[in-house]
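Visitor: If you read the sequence shown in the numbering used here, its first letter stands for residue -16, the second for the next number, and so on.
There may be inaccurate statements among the hints.
[Unchecked claim] Beta-carbon label-pair distances, calculated as ranges:
1) Asn88 <-> Arg220: 36 to 46 angstroms
2) Lys87 <-> Lys43: 38 to 48 angstroms
3) Ala(-10) <-> Pro218: 31 to 41 angstroms
4) Cys114 <-> Asp0: 43 to 53 angstroms
5) Glu172 <-> Glu(-7): 41 to 51 angstroms
6) Asp123 <-> Ala204: 16 to 26 angstroms
7) Ala(-1) <-> Glu219: 33 to 43 angstroms
8) Gly124 <-> Gly47: 23 to 33 angstroms
9) Ser195 <-> Arg46: 42 to 52 angstroms
10) Asp32 <-> Ala(-1): 33 to 43 angstroms
11) Gly142 <-> Asn201: 26 to 36 angstroms
Because the hints were derived from the structure by calculation, they are not lab data. Since this is a predicted model, take the numbers as computed values, not measurements. Built from N, CA and C at the ideal position, the CB exists for glycine as well.
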Amino acid sequence: HCKVIEAHREYLNAGADIITTNSYAVTPLYLSRCGKLKELRKYIQMSVDLAETARTQYMKEQRGATKPLIAGSIPPLMESYDANGLMDESKSILYYDQMVDQFKNSDIDLFLVETMSTVQEAKYVLNAMICNGLTKDGADGRDIYLFFTLREDGKLRDGMSFNEVMAKLREYLDVLPIAMIGANCSQPEAFEMMMDGLNQDSITMLKENGVSMGCYPNSYAPIPTGRKIAEYTIPERKDLPPEDHLNELE
């Protein structure tokens, strides 16, 4: 626990406005390996508590500082980057319902749906959110940030273009308070390609719904097809040191 708090604190001290709950591995894939699947809600709440502890400590030391936000991380249920290994719909919504409900009843500031490989995977989460009343006309009021992981060509892991993604998300943008859509756990160049490929229909849809675009990429080398991330150490790129990574984003 101390290590998690320390990591949050390092981000805050470096100037982060948002810290993310350490819940990316609080999923059926990982919890089932250690016999803790029935304790999913417990670990979701623990991830929030640790982030809150770090924020409280930071605010005590940095009096007068703007209060940073806590994003509740809602990840893929199974392997990351695997468009073909999704859990079936009924089980997906069952587990996402537990995650969303636990975050809903916690003190996070926003919902972060991240590293989605396909639109279908994202829809499972969004449907669970609708079931939990996190709609625009609901009383919750917290925003949803939705991020997909991209291939090196700027498309989703199943080959779908972002314009196709936007068309399939249209009905959800009408109902849910989605504040930002974008890409994460992808190479910066892939996000640039995705942005360059946006058509006017997608741009209009984003503007009409007040949705921003965002990106928080990584500096990993391309991931070989078929590799299981839980069993694979991804090498970092040699051609993208931190300063160049930042320049690429700017």
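Visitor: Now, for every hint given, state plainly whether the structure supports it.
Guide: Hint check results:
no. : hint                                    : in the structure
1   : Asn88 <-> Arg220: 36 to 46 angstroms    : holds (40 angstroms)
2   : Lys87 <-> Lys43: 38 to 48 angstroms     : violated (27 angstroms)
3   : Ala(-10) <-> Pro218: 31 to 41 angstroms : violated (22 angstroms)
4   : Cys114 <-> Asp0: 43 to 53 angstroms     : violated (30 angstroms)
5   : Glu172 <-> Glu(-7): 41 to 51 angstroms  : violated (27 angstroms)
6   : Asp123 <-> Ala204: 16 to 26 angstroms   : violated (40 angstroms)
7   : Ala(-1) <-> Glu219: 33 to 43 angstroms  : violated (21 angstroms)
8   : Gly124 <-> Gly47: 23 to 33 angstroms    : holds (26 angstroms)
9   : Ser195 <-> Arg46: 42 to 52 angstroms    : violated (31 angstroms)
10  : Asp32 <-> Ala(-1): 33 to 43 angstroms   : violated (19 angstroms)
11  : Gly142 <-> Asn201: 26 to 36 angstroms   : violated (21 angstroms)
The earlier numbered hints that this structure contradicts are 2, 3, 4, 5, 6, 7, 9, 10 and 11.
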